[in-house]
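Engineer: Build out the structure end to end from the sequences listed, making use of the hints.
Sequence lines, in order, name chains X and A. Using my numbering, the first residue of the first sequence is number 62, and each one after it goes up by one. Using my numbering, the first residue of the second sequence is number 17, and each one after it goes up by one.
These are calculated hints, taken from the structure and not from any lab test. Fair warning: there could be bad hints in the mix.
A few chain A residues that face chain X, going by a derived Cβ cut-off under 8 Å, partial list only [to be verified]:
no., residue
1, S178
2, S182
3, E185
4, H188
5, A191
6, P204
7, P284
Even glycine gets a Cβ: it sits at the ideal position worked out from N, Cα and C.
These are the residues of each chain, in order.
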Amino acid sequence: MSGSAVVSLSNVTKAFGGGVTALQSIDLEVQPGEFVSLIGPSGCGKSTLLRIVGDLVEPTSGDVVVNGKSARQARLDREYGIVFQDSVLYDWRTVSKNIGLPLELLGWDRSKRADRVREMLELVELQGFGDHRPWQLSGGMQQRVSIARALSFSPALLLMDEPFGALDEMTRERLNAEVLRIWARSRSTVLFVTHSIPEAVFLSTRVVVMSRRPGRIAAIVDVDLAQPRGADTREDARFFELVTEVRDRLREGGLDADRTAPGEGELVVGGETP
Amino acid sequence: MTTPGLVEPLPPGFLNRFGRGLRDWVPAVLVFVLGILFWEALVRGLEIQNFLLPAPSDIVETLWVERDQLWTAASITFREALGGWIIGCSLGFLAALVLARWRLLSTALMPYAVAAGAIPIVAFAPITNNWFGVTGLTSKVVIAAVLCFFPVMVNTLKGLTSVPASAIELMHSYAAGEFTILRRVRLPNALPYVFTGLKVGTVLAMIGAIVGDYFGGASGSLGVQIQRWTGIFAFEEAWAGIVVASVIGILFYGSVALAERRVMAWHPSLRGGRPE
Ligand SMILES: Nc1ncnc2c1ncn2[C@@H]1O[C@H](COP(=O)(O)OP(=O)(O)OP(=O)(O)O)[C@@H](O)[C@H]1O
Ligand SMILES: [Mg+2]
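Structural biologist: This is the structure:
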């Protein structure tokens, strides 16, 4: 375990009431500046893992260290920027005020806040929408506001839970490119949950493949595609190789889970893979 | 004007704010006028006795003739209703804050609150008159307050606690404390619910005040006057009193609804924008 990791999980297990083991023996280290994606079948514990890192859920056992301190301390020190699947914007605040919310809580004064909010609106290309209400924006624009809010106070760690899950393919690809651009500029560390294999490969420096019942890390795929990535990355032969590799690992993960928990696994896998 | 004969298009805001507003009102106003005319014709044509239904023209005339008495009556009864409304709504709101903060308390008390809310509280009117004095305003204020309390409390509590989990989690991720969450998330989220309670409260407060008056109220109050007039066969006067009570009720409700529009201009439902 190296001391410089932003996130370091060792032997993390999470059991919910009712005998659901959402996560079992998770070991994972995320280095500064990494973009790590979590991918796996629905219900394998991706969101739970993200919530444990963000101290929104307590692990049943195991250690979570973030920037050398406990997850709780990291949360109290406001080191997390979280982007949820639905953008979680407050209707009673304008777009600008939504973006400035964490800054208000941090006690920034008005003019400093206004400057940063303006910068953020530019970053996510929403200049001119600052005075709009969230519900006047499209889903993709709302999600960009939520990203701007998460980035506004330059948190050490960005946690994103399927931020583009509800968007169409075109918007999704455009926002992927935007996230990469923002990530490169802000030099933040990102933990990103997704259902989409191409999205995971396109964005990440590493893809963590998870399997379910119980949720475990089945494999970790290093993504050695050149930076910065763009439209041509998706045409790259290596991109397709990596997509195939992640898909294979996902499949193996599914089978593994089957063997360890035959009764349950059969039902679930049988229901999804023809 | 380079193109004579062409009608200049109205500025876009004009139609929205004024033209469409006016056009929206026309059918309602028409129905009102026709209704009154029909009423007048009915009473005159069928020669309906005035103790059953006086003609609108007679009522309007009485409104003018008895304006001083009606004004006094209205002001007494409105004071009862307003006082009760302010006290009942404030207490209901505070109770909701307390119940939202301490869940255990709310699970222990809510069944009783809901049951109490279903009690026809106006049935207590004669009793509160005994408790707080027949001729004073207090007993009527108390009934109006009790009537307002429950809808405001139940609605506010719903608004404070029906915040999506993710909206709270976001605040937790910023290490926000309970008070910050209350102020920045729970209260704004509860605002539409609070206003629903406040609006229902205006109606209930008027009912409470007038029914309270019926069981013996301050002399000259609207309820007392309506009853007295009916007793002495002054039906035009009684109906004039009823009209005044209705107008106060509508204005009371309307001013709260107007305040709602101003305070909640951000709300999607009031802007005619995307519904969700
Ligand atoms: N609060 C909770 N109480 C009980 N069980 C829970 C709770 N949250 C999650 N679980 C269970 O934990 C498991 C993992 O859930 P989680 O939401 O982490 O999955 P996920 O990988 O994010 O799935 P998806 O891709 O569908 O979002 C599921 O079996 C779920 O039922
Ligand atoms: Mg999830």
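Engineer: Hints first: check each against the structure and report whether it holds.
Structural biologist: Quick rundown of the hints versus the structure:
| no. | hint | in the structure |
| --- | --- | --- |
| 1 | S178 | 14 Å, violated |
| 2 | S182 | 5 Å, holds |
| 3 | E185 | 5 Å, holds |
| 4 | H188 | 6 Å, holds |
| 5 | A191 | 5 Å, holds |
| 6 | P204 | 4 Å, holds |
| 7 | P284 | 5 Å, holds |
The earlier numbered hint that this structure contradicts is number 1, and it is the only one.
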